[in-house]
Amino acid sequence: MPIFEVNDLHLHYLTRFGAKIHAVAGVSFSMEQGEILGIAGESGCGKSTLVNGLMGLFIPPLYPTSGDVRVGGESLMGRTPKDIRENVLARKVSMIPQGAINALNPTRKIKHLAMDLIKSHEKGGNKNEIQKRLYDRFNLLGLDAERVLNSFPIELTAGERQRSVIGLTTLLDPEMVIADEPTSALDVTTQKAVIKLIFNLLDKKIFSTMIFITHELPLLRHVAHRIAIMYAGQFVELGTAEQVVFDPRHPYTRALMDAMLSAEPGQAKKETKPLEGAPPNLAHPISGCRFAARCPSAKPDCRINEQSLRIVGERQVRCDYAE
Amino acid sequence: MKLFLNLLKTPSFVFGVTLFLATLGVALVLPWFYDVDTVGRAGTPYLPPSAEHLLGTNHLGVDFVSLLITGLRASLYVGLLAGCIATLLGTFLGVYAGYKGGWIDDLINLVTNLFIVIPYFVVLILISASLEEGRSLQLIAVIIGLTTWPWTTRSVRAQAASLKSRDHIGLAKVNGCGTFQIVTLHILPYLLSYVFMVFIIQIAAGILVEASISMIGLGPYDSISLGVLMDDAMKNEALGDGIWWAFIPSTILITAVVFALYTLNTSMEGVFNPRLRK
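Protein chains in written order, with this note's numbering: chain A, 1 to 323; chain B, 1 to 278.
Treat the hints with care, since some could be wrong.
As the list claims (entries may be wrong) - Below, in silico cross-link-like pairs of lysine-lysine (DSS-like), each with a Cα-Cα straight-line distance of 25 Å or less:
#	chain 1	residue 1	chain 2	residue 2
1	A	Lys82	B	Lys100
2	A	Lys109	B	Lys235
3	A	Lys111	B	Lys2
4	A	Lys119	A	Lys109
5	A	Lys192	A	Lys205
6	A	Lys111	B	Lys164
7	B	Lys2	A	Lys20
8	B	Lys2	A	Lys119
Stated by the list, open to error - If you want a taste of the chain B side facing chain A, the calculated C-beta under 10 Å gives, among others:
#	residue
9	Phe4
10	Gly102
11	Arg166
12	Ile169
13	Leu171
14	Cys177
15	Gly178
16	Glu237
Claimed, not checked - Partial pick of chain A residues on the chain B-facing surface, computed with a CB cut under 7 Å:
#	residue
17	Pro60
18	Leu62
19	Pro64
20	Ser66
21	Gly67
22	Arg85
23	Leu89
24	Ala90
25	Pro97
26	Asn102
27	Leu104
28	Asn105
29	Thr107
30	Ile118
Since the hints were made in silico from the structure, they are not lab data.
Just so it is clear, CB atoms sit at the ideal spot from N, CA and C, and this is done for glycine as well.
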């Protein structure tokens, strides 16, 4: 049975003037225990909105339109914010935030941040027992638990802070961890170090199932089992990492790969080809293929026909003409 | 602790603290050594300062030092109470509006702006004037507190709104913190130094506002404050008769207290705000 199921999820933002912006429009996928799914796409394609939806974290102006998200068979839709806070966040689905280095409250010690987290999810725990659990977990992360827990974030190195954040978010052993661009805005060496850290944690079985969100496609190949490419609120291609990176079938995935310069061997002399145009405005209804306006191989009927996911070359592609 | 040492290194802070403690001493410690009597007649009306009555007597012949001690105590009490109310109310509304956003923010903003554009002094006069009876010191303080909060709300709201998009608030949110927890544990500690400074200013403002409305005769009926003393001096033509001891000492006391509080505030700003730190 899949541990995480997303079924035709639609999410929208409500603007002050009553307009709806459909940031996520029909995302479906499911994940097995121990699987790592990468989601990539350009800025503004709905990645971060999707993340909020996957956690059931609907903070106005974000609202669910339709669809379902199930974690371990349990739906996240139609539940009260309090219920989501106490029973889902950090316990079932957890997130490693963007810019993890700055994600610790500078006015509180790591110990207190961790205690807050445990106290808001578990009623009446034994203090010594919680303390022991904290020490064990931070030692397992390769940190000097005694020192790190009793420090303010400013006293720690960037690496220690990153580990502490991951330690905090995975403290309650969530079934699913979502990493939202943990490597963006980092240099290549640091990116590799973060990836190494995540593998390290996977090896130690601190968590096993993960969604990894980034716009660094080549990086995903090292991390993810499967990769989903997102465009204008929809998945346009979903296949194994090898398929998507080395043999992309959707025109957008191809354009994305062409526009990417990566620090991989054999890519040094590659020339990048940027894609003209901009994604469609999601505030208005879109007819036909969302990518048609920018697609190099668009046919006349692409602008009329709604594209649906179909199986091409053993993976899902949202294009009627992909081969 | 280190912050406190830094404060002690700032001359203006030391000056402000000394001046404020001195006025506190006059209000709270001096009565132990001085026989305070604000009712009994100590001599004939408007006795000039002498060895027996250091600052003379008022129009009823009551010893002025006693009156000043009592008045200062009342003024400080009004300032503290009004400052507490205004700061608590302003901070709470500001943080809540700034963090929540949306229509709650719009509503609180609307009320704040309303209070800012309506001259609060007029509101104060109207409220005080309509309360013919039972205009006690506490009531005056509460009214002052309830009308001077808008500027606090406004600045706190702006800071809370900018804080809420910080990464660590996001982490707290995805880790399942509720609004109350985020506001108290993650936003308020950031604002504490600012709120403390605002609190000091609010105390000073409370003292000044009380003195102003008391001076035009709308002050408390049941007690003596520095403003009431000035009102008495005005009503009894002390200025025209050249009886300086009826109003100069109380003016100096009010100026000293407010000046001390403002000095404290500015000196703290220099230490709390890293950009101004030398």
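So, going through the hints one by one against the coordinates:
Under the criterion of a C-alpha separation no larger than 25 Å, the hint pairing Lys82/A with Lys100/B is consistent with the structure, at around 16 Å. Of the pairs offered as hints, the one joining Lys109/A and Lys235/B is violated, with about 60 Å between alpha carbons and a cut-off of 25 Å exceeded. For the given pair, Lys111/A sits about 22 Å from Lys2/B by alpha-carbon distance, which is consistent with the 25 Å threshold. Straight-line distance between C-alpha atoms of Lys119/A and Lys109/A comes to about 15 Å, which keeps the hinted pair within the 25 Å bound.
Distance restraint check for Lys192/A and Lys205/A: the Cα-Cα separation of roughly 20 Å lies within the 25 Å cut-off, and the hinted pair is therefore satisfied. With a C-alpha separation of about 22 Å, the suggested pairing of Lys111/A with Lys164/B holds against the 25 Å cut-off. Taking the CA atoms of Lys2/B and Lys20/A, the gap is near 52 Å; set against the 25 Å cutoff, the hint is violated. Between Lys2/B and Lys119/A the alpha-carbon distance is near 31 Å, which puts this suggested pair outside the 25 Å criterion.
The interface hint given for Phe4/B is violated, since its Cβ lies 17 Å from the closest Cβ of chain A, which is over the 10 Å cut-off. At a threshold of 10 Å, the smallest CB-CB gap from Gly102/B to chain A is about 6 Å, leaving the interface hint in force. At a threshold of 10 Å, the smallest CB-CB gap from Arg166/B to chain A is about 7 Å, leaving the interface hint in force. Because the closest C-beta pair between Ile169/B and chain A is about 8 Å apart, less than 10 Å, the hint holds.
With 10 Å as the threshold, the beta carbon of Leu171/B comes within range of chain A, its nearest partner Cβ sitting at about 4 Å, so the hint holds. Interface hint at Cys177/B: satisfied, since its Cβ lies 6 Å from the closest Cβ of chain A, which is below the 10 Å cut-off. Contact between Gly178/B and chain A, as hinted, is supported at the beta carbon level, the nearest pair being about 6 Å apart and thus within 10 Å. Violation of the interface hint for Glu237/B is found here, the shortest Cβ-Cβ separation to chain A being roughly 57 Å, above the 10 Å cut-off.
Restraint check, Pro60/A versus chain B: the minimum CB separation of about 6 Å is within 7 Å; hint holds. Interface restraint check: Leu62/A against chain B, minimum CB-CB distance 12 Å, threshold 7 Å, status violated. Violation of the interface hint for Pro64/A is found here, the shortest Cβ-Cβ separation to chain B being roughly 17 Å, above the 7 Å cut-off. The interface hint given for Ser66/A is broken, as the beta carbon of that residue sits about 23 Å from the closest beta carbon of chain B, more than 7 Å.
Here the hint on Gly67/A is broken, as its CB sits about 21 Å from the closest CB of chain B, past 7 Å. With 7 Å as the threshold, the beta carbon of Arg85/A comes within range of chain B, its nearest partner Cβ sitting at about 4 Å, so the hint holds. Below 7 Å, beta-carbon pairs count as interface contacts, and Leu89/A has one with chain B at about 4 Å; its hint therefore holds. Annotation: interface hint on Ala90/A holds; nearest CB of chain B at approximately 5 Å, less than 7 Å.
Here the hint on Pro97/A is kept, as its CB sits about 5 Å from the closest CB of chain B, short of 7 Å. Checking Asn102/A against chain B by beta carbon gives a least distance of about 4 Å; that is within 7 Å, so the hint holds. Taking 7 Å as the C-beta contact cut-off toward chain B, the hint placing Leu104/A at the interface holds, the least distance being around 6 Å. The beta carbon of Asn105/A is positioned within 7 Å of a beta carbon in chain B (closest approach about 4 Å), and the interface hint is therefore held.
A distance limit of 7 Å between C-beta atoms decides the matter here; for Thr107/A the minimum to chain B is near 4 Å, and the interface restraint holds. The criterion of a C-beta within 7 Å of any C-beta in chain B is not met by Ile118/A, whose closest approach is roughly 10 Å, and the hint is violated.
Comparing the model with each numbered hint stated earlier shows that hints 2, 7, 8, 9, 16, 18, 19, 20, 21 and 30 do not hold.
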